[in-house]
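S.K.: First to last, the sequence lines map onto chains H and C.
Numbering-wise (the working numbering), the first sequence opens with residue 9 and increments by one.
Numbering-wise (the working numbering), the second sequence opens with residue 16 and increments by one.
Hint data in this document are derived by calculation from the structure and do not stem from the laboratory.
None of these values were measured; they are calculated from a predicted model.
Backbone N, C-alpha and C fix where the C-beta goes; we use that ideal spot for every residue, glycine too.
Certain hints may be false.
Claimed, not checked - Just some of the chain H residues that point at chain C, by a computed CB distance under 10 Å:
no.: 1; residue: 16
no.: 2; residue: 20
no.: 3; residue: 54
no.: 4; residue: 68
no.: 5; residue: 92
no.: 6; residue: 124
no.: 7; residue: 128
no.: 8; residue: 151
no.: 9; residue: 161
no.: 10; residue: 186
no.: 11; residue: 341
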Amino acid sequence: MNAELLLALDDRALARVIAHLPAADLGAVLAEVVSRRTSLDLELVGTVLGRLPELAERERWLAVDSPWRGSLLGRWLLAQSWSGDHSRIPAAMELWSELVEQSGRYAADALLERAKVRREAGDVAGSVADLIACAQRQPGYALLSKAARLLDRLAAKGAAIPGRNIRIGIVSSSTVELTPPLLRLLAARDGLVAEIYGAPFGVYRQELMDPGSGLHAFKPDFIIVALHWRDAGLEPLGNAPDAADRIFGELQQLWAAAQRVTPCTILQHAFDFPPHESAGLLAAREIGGRAQVLAEVNLRLFRARMPGVVIVDCPRLAAQAGAETWSDDALWHVAKQHPAAPVLPLLLDRYVRLIAARVGLAKKVLVLDLDNTLWAGVVGEDGPHGIKVGPPTPIGEAHAALQRYALELKNRGVLLAVCSKNNDADSREPFRSTLGMVLKEDDFALFIANWEEKPANLRQIAQQLNLGTDSLVFVDDNPLERAKVRREMPEVAVVDLPADPAGYVGAIDRRGYFEALALSEEDLARNEAYKANASRYSLKAEAGDVEGFLRRLDMRMHHGPFNGAVHDRVVQLLNKTNQFNVTTRRHGPAEVAAFRANPAVWTQYFRLVDCFGDNGIIGLMLARPAEAADIWEIDTLLMSCRVLGRQAEEFMMATLLAAAKERGIARVRGRYLPTAKNGMVADLFSRLGFMEESRMADGAATYVWDVRGRVFPPVAFVRSAGA
Amino acid sequence: MSSPHLFRLQGIFREIFDQPALMLTAGLSPATLPEWDSVATVQLVLATEQTFGVRFTTNEVAAITCAGDFLTLLEAKVP
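In isolation and in its complexed conformation, chain H is listed as follows (with noise of 0.2 Å):
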């Protein structure tokens, strides 16, 4: 056998030869291979190992020191090899990890490897951790339906995933049973427990409209409803005129009869379009044409705007996967199952994100790397005008449009940071006098570029904005500066860059990190907001003392009861305030709504205006009757940590007892739930003056007012304005 020859196949093909082989000429050809092939390729691998019981001395070549050591194919044949023997389980984890690094394309099936051995080592948690990496990756259907099964496992025998518990019902004309092991693990991967209830497939209607389903007894906080355009019942041609009414009201009538059962908020799928259409364009052209129908409905969907209702943009899905792959006629026939198997993980992607965004979990800062990122080249070496952004070159042409991308988003609220190792002088340079550049320096709402660690200046970030760090998406070109931040912060989202520019775009928008729900005046205002607080706080250092600068920004405090016009955000403050929330409760549009129509619940906004500028709405309170009608207990209780130390609570506050005196209430009952994120507020209860009733060991505890009794000092420094 000709070393030389075998070396020059291709993987698959060697992968033939080795399967074909006398069993005689193994051990000649394998020594000859293994050590030397300097690619990897993980059916090769299979086939090896498939062969591996025939080879003469086979203890040789699996020993601790064997020669396969040298070549990254070798190393997966030891490390699957060591895997399934008890006594070299630690050999085996030390291969896996050096493999998870080295391994390119195949890191998240190492980490799924790595996964299964510390299952078998009894290392739990760490098997969760390495799947959730895995999942990070964002590998295929295949690798992923095998990390999602071994995660159910481990959570059958007990396993504690981290996160926060979400219920999930699904109803669909489509069997979903794939869909569920998937959903947990890419829910477990952004920090969400899920539990699902997949209803029988095709009773959809009864399950929504019965008040005795089994989905309502589930008692979900999500509904999925995953339609698709067989559920329309449309023929090619000739619908009735009204045919996108009467689709579009009936989709509104159950949304209606299932949150009257259960108060949850409605993820509905828009339509996809027909993979084949024997109408051809007349579909689309025709009135009554089943495209145009279809077309019809989806925007009606879109522009209902309904409170708790979330549309799943399918057809924009479809489109991004290709209709050829979203569709596959064979495993409807086979399975009824819909869409493909391999773009569940897109399409449930896309759920999770919603998902997020209504719990208050969406990622609200860019983090961008400068050189080779932001654009082509070096600053410190290239200088400002060696570097390339924009025209003429196509490399500069693809930096340019990720400047572009970060720009959109910023336009719409997400806040843009730079993190780079670079001198500041150096770095801030391009943004003065580099042709090309999109961004400009006050894009950002913070800019740090120093020699530090980039985990360290992350949380100087997250830290500067007085927001968790598992609010941060970080870009780097740089696949070291990726993996350090991985390890240290498996919190942060890492962007996996390709080793193209042109894909950059691509890859940050892929998974929809900045997903929202809908689109607030306080988003497109948040920059300038944030940037007016840095000339307040130069004011603050200016001023010296507290009372002083307090004085000089002439707060005025605009308030009232919740309204039509302020619900989309009062909806969007509760399900993502974090930080100053005594009790973290995520009310959603349709709760708000109830609260609203509810005469015995008071409702207050709180918009504060001060000498820079509008800070918007920057405070909620909710409070309702306890245990009698005369004694309220504060519902909610939260603040934007952007006004702290402004006197903005105790205004609040005094808003609050003023309105429980005018109403006859005796008492208030204040309650602090404390969470992984709201210590600043442990004690704020306390601090205003409350007395302390009654604390349970986790350190929730309740505090009361006598409005009787007692009366709020007046706020110094905060004006009201009227609503």
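With chain H held as given, fit chain C onto it using these hints.
M.R.: For chain C alone, kept in the frame of chain H given last:
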């Protein structure tokens, strides 16, 4: 039973049924393996297609009754 595909197919069965010591035989079927239900068949088909880079036709999938059927199909589709 000997087939160059046996080992990798066995890996798929072991993973899907979570039985690391499962020995694949041609006669393995839903009758001998109680966990093998219709969902498992779909999972086996999807995993086999992906692992070996092949597609099974609607008829082929509908006719699968035992592990031997997978091996026969693979013999015909993979060189």
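S.K.: The structure should be examined with respect to each hint, and the outcome stated for every one.
M.R.: Results of checking the hints against the structure:
no.: 1; hint: 16; in the structure: violated (19 Å)
no.: 2; hint: 20; in the structure: holds (9 Å)
no.: 3; hint: 54; in the structure: holds (4 Å)
no.: 4; hint: 68; in the structure: violated (21 Å)
no.: 5; hint: 92; in the structure: holds (8 Å)
no.: 6; hint: 124; in the structure: holds (9 Å)
no.: 7; hint: 128; in the structure: holds (9 Å)
no.: 8; hint: 151; in the structure: holds (9 Å)
no.: 9; hint: 161; in the structure: holds (6 Å)
no.: 10; hint: 186; in the structure: holds (7 Å)
no.: 11; hint: 341; in the structure: holds (5 Å)
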